[in-house]
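Let the sequences and hints guide you as you build the complete structure.
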Amino acid sequence: MNKSVQKTNRKSRRMASVKEFWRRFIKNKTALAGFVILCFILFIVIFADVIVPYSKCIEQAGSERLQGPGPAHWFGTDEYGRDLFARVIHGSRYSLIIGVSTSLMALFFGAILGASAGYFGGMVDNIIMRITDVFMCVPPILLSLAVVAALGTNLRNLIIAMTISCVPGNVRLIRSVVLTVADQDYVEAARSYGTGNGRIIFRYVLPNAMGPIIVNTTMCISDMILSAAGLSFIGMGIQPPAPEWGSLLSNAETYLFSAPYLLVFPGIFIILTSLAFNLVGDGLTDALDPKLKD
Amino acid sequence: MSDNEILKVKDLSILYKTDLETVYAVNHVSFTLNKGQTLGLVGETGAGKTTTALGIMSLLPKRTARVTSGEILFEGQDLLKMSEKELLGIRGQKISMIFQDPMTALNPVLTVGDQIGETVRLHNTKNLSREEIEKKVEDTLELVGIPKERKNEYPYQFSGGMRQRVVIAMALICDPRMLIADEPTTALDVTIQAQVLSMICDLQRKYGTSMIMITHDLGVVAETCDTVGVVYAGEIVEYGQLADIFAGEDHHPYTEGLFGSIPNLKTKARRLQPIEGLMPDPTVPVEGCRFAPRCKYATDQCRSKKPPLWEKDGHQIRCHFAGIRKEAKHE
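So the protein sequences, as listed, match chains S and P. This note's numbering applies: residue 163 is where the first sequence begins, and numbers increase by one. This note's numbering applies: residue 4 is where the second sequence begins, and numbers increase by one.
Hints in this document: simulated from the structure, not taken from any laboratory. Cβ coordinates follow ideal geometry from the N, Cα and C atoms, glycine included. Don't take each hint at face value.
[Stated by the list, open to error] Far from chain P by the CB rule (all over 12 Å, computed), these chain S residues:
no. : residue
1   : V212
2   : A308
3   : V343
4   : S436
5   : P452
[Claimed, not checked] Below, simulated EDC-like cross-link-like pairs (lysine to aspartate or glutamate); rule was C-alpha separation at most 20 Å, straight line:
no. : chain 1 : residue 1 : chain 2 : residue 2
6   : S       : K191      : S       : D451
7   : P       : K65       : S       : D287
8   : P       : K65       : S       : E350
9   : S       : K181      : S       : D448
10  : P       : K65       : S       : E182
11  : S       : K181      : P       : D192
12  : P       : K315      : P       : E226
13  : P       : K315      : P       : D229
14  : P       : K151      : P       : D117
15  : P       : K209      : P       : D229
16  : P       : K97       : S       : E350
17  : P       : K20       : S       : D448
18  : P       : K38       : P       : D81
19  : P       : K209      : P       : E8
20  : P       : K209      : P       : D303
21  : P       : K65       : S       : D448
22  : P       : K269      : P       : E252
23  : P       : K151      : P       : E135
24  : P       : K65       : P       : E24
25  : P       : K88       : S       : D451
26  : P       : K38       : P       : E87
27  : P       : K309      : P       : D284
Rendered as structure tokens:
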């Protein structure tokens with residue numbers, strides 16, 4: 163009986179801290195705006211099939227080629243007469259999956275490698291950083307290109323390739339933040355209470371290095387959407403006829419002057435998504451920092 | 004090692020080696036700490052007091068520091084020969100440390116209660132449940148004079164003195180057998196110093212913890228310690244009971260210098276007498292007495308030959324003239 167009371171106490175306390183976090187998050191109006199846009203895009207991703215059936219975006223109609231925006235086709239049609247609105251809506255799935263999953267994977271590997279390099283130093287640092295340097299030497303897009311070319315083009319390989327190109331930058335950043343945090347007295351104090359290295363890294367070092375890491379990861383999401391667009395542009399990304407924002411852009415290039423709307427609509431969605439993630443990332447950093455609480 | 008001793012440091016030497024230079028930080032230091040007692044290590048900044056403490060905790064920076072000689076016997080076991088895993092079980096549970104600067108010794112992203120509980124969770128040998136740990140954290144907070152309602156607050160919401168109480172709570176929550184206090188009051192203002200100091204001593208007495216008090220403040224030593232070691236340039240130059248140091252007849256010239264540098268209400272000195280000069284460069288190995296360049300009694304013998312250890316009833320002085328030179332003391 164007593165135990166269950168304490169359990170609900172703990173639960174309510176956790177609820178309280180979530181509430182507190184939310185209160186601080188929505189106080190930041192730009193972050194809230196970002197969050198609203200993000201919700202809107204997530205809504206599109208989840209209910210894409212309800213909004214417009216997938217068949218619509220691969221259905222070709224020769225008689226309706228390159229029509230401008232109008233009541234029949236809200237965003238117009240492309241060179242095969244496919245409905246651009248449907249393609250943008252369904253493209254959001256590919257773009258978001260690519261952006262979010264590559265960034266999270268790059269964050270995961272970057273955090274482990276970067277934190278070990280910065281925290282342990284010496285040989286570990288040297289080995290990790292020299293390998294990172296090798297990868298940094300190759301331009302990221304070229305690196306993803308090489309990996310995709312080697313593994314073959316499909317969604318999974320694309321994500322792997324882009325993660326590989328994104329990890330080195332993350333390792334660098336996280337190592338440098340960890341270096342400054344690992345020097346702090348509270349880390350040494352933690353050691354003096356008998357805390358093991360793993361626990362120190364995950365409970366003391368990384369949480370205190372969170373600010374720059376969150377910002378970097380959200381920036382990384384928009385970066386990844388854009389570089390997936392880049393890869394699609396040169397034909398190494400998502401293969402047609404599957405829609406993806408980047409490949410929509412690359413098709414639009416041919417008709418830049420005669421049908422600019424082909425470029426404008428996917429472009430707007432890419433920009434909105436990037437913006438939303440960046441704003442939310444900024445807001446998260448502020449809301450999670452106990453020092454900025456008031 | 005007799006039953007009464009909890010820590011015995013024998014002939015400990017520590018040096019920091021980098022590509023550019025070798026710093027001889029601690030040189031052949033020996034001392035003993037008895038159960039329930041307090042040992043004071045007094046000396047200037049850079050004398051090697053903190054290095055000694057970190058050496059006992061095996062927390063020296065691995066890449067640069069080397070222990071070149073000696074043993075550190077804690078309850079009969081040599082800490083220097085223990086594996087990292089065994090040490091993890093000792094740190095925090097049997098030996099814990101109070102750090103100098105409370106402003107930086109607390110993790111800013113953990114609440115105070117979480118942080119204090121962390122030590123218990125790490126050494127949960129009694130298999131306490133979460134609720135019991137919470138209870139223990141609350142009790143310990145009350146013990147150091149912080150209302151338990153504040154346990155969900157973050158370190159930045161506390162003042163310096165309150166933070167030092169938190170640090171002390173963290174050090175004491177596992178009932179360690181030995182406590183190392185590294186200048187626990189240096190970063191606090193004077194009014195808080197006295198409070199914190201007397202709190203540490205009360206708790207130490209209450210739980211029978213042994214303590215090493217590292218400080219540069221002779222006032223703190225007089226108030227808290229049973230045994231005192233005066234550290235100069237990585238060496239203990241004088242070692243004895245509190246009475247030997249404060250009221251004894253024989254002294255090392257450096258100890259005299261220390262007493263000459265603090266104001267005294269009883270004597271009418273116009274000016275304080277600081278010790279001239281600076282500590283010797285720790286990167287240069289010394290032939291004779293380390294204090295010779297600053298000592299007003301130094302002779303050629305002092306500069307060329309290492310002084311032997313003079314001893315009388317447990318009162319040790321490392322000086323050629325100890326026991327011979329009776330000085331008009333504390334003039």
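Practice item. Given the hint that K151 of chain P pairs with E135 of chain P, test it: the Cα-Cα distance must not exceed 20 Å. Key: 14 Å, holds
Check your understanding: Between K88 of chain P and D451 of chain S, is the straight-line Cα distance small enough, at 20 Å or below?
Key -> 33 Å, violated
Exercise for review: Say whether it holds or is violated: V212 of chain S keeps its Cβ farther than 12 Å from all Cβ of chain P.
Suggested key: Answer for V212 of chain S: holds, closest chain P Cβ roughly 42 Å.
Check your understanding: Since A308 of chain S was said not to touch the interface, does its Cβ keep a gap of more than 12 Å from each Cβ of chain P?
Key -> 37 Å, holds
**Study point:** 20 Å Cα cutoff - pair K151 of chain P, D117 of chain P
**Key:** Holds: K151 of chain P and D117 of chain P sit about 12 Å apart, inside 20 Å.
Review point. Does V343 of chain S sit more than 12 Å from chain P, CB to CB?
Key: Per Cβ check, V343 of chain S is inside 12 Å of chain P; nearest 10 Å; violated.
Review point. Does the alpha-carbon distance linking K65 of chain P and E24 of chain P stay inside the 20 Å limit?
Key: 16 Å, holds
Review point. Is K309 of chain P within 20 Å of D284 of chain P, Cα to Cα?
Key: With Cα atoms ~17 Å apart, K309 of chain P and D284 of chain P stay inside 20 Å; holds.
Review point. Holds or violated: are the alpha carbons of K65 of chain P and E182 of chain S at most 20 Å from each other?
Key: 42 Å, violated
Check your understanding: K38 of chain P and E87 of chain P: Cα distance at most 20 Å?
Key -> 25 Å, violated
Check your understanding: If you draw a straight line from the CA of K181 of chain S to the CA of D192 of chain P, is it 20 Å or shorter?
Key -> 38 Å, violated
Practice item. Measure nothing beyond the straight line between the CA atoms of K315 of chain P and D229 of chain P; if it is 20 Å or shorter, mark the hint as holding. Key: Judged against 20 Å, a Cα distance of about 17 Å means the pair holds.
Checked against the numbered hints listed earlier, the structure breaks hints 3, 5, 10, 11, 12, 17, 20, 21, 25 and 26; every other hint is satisfied.
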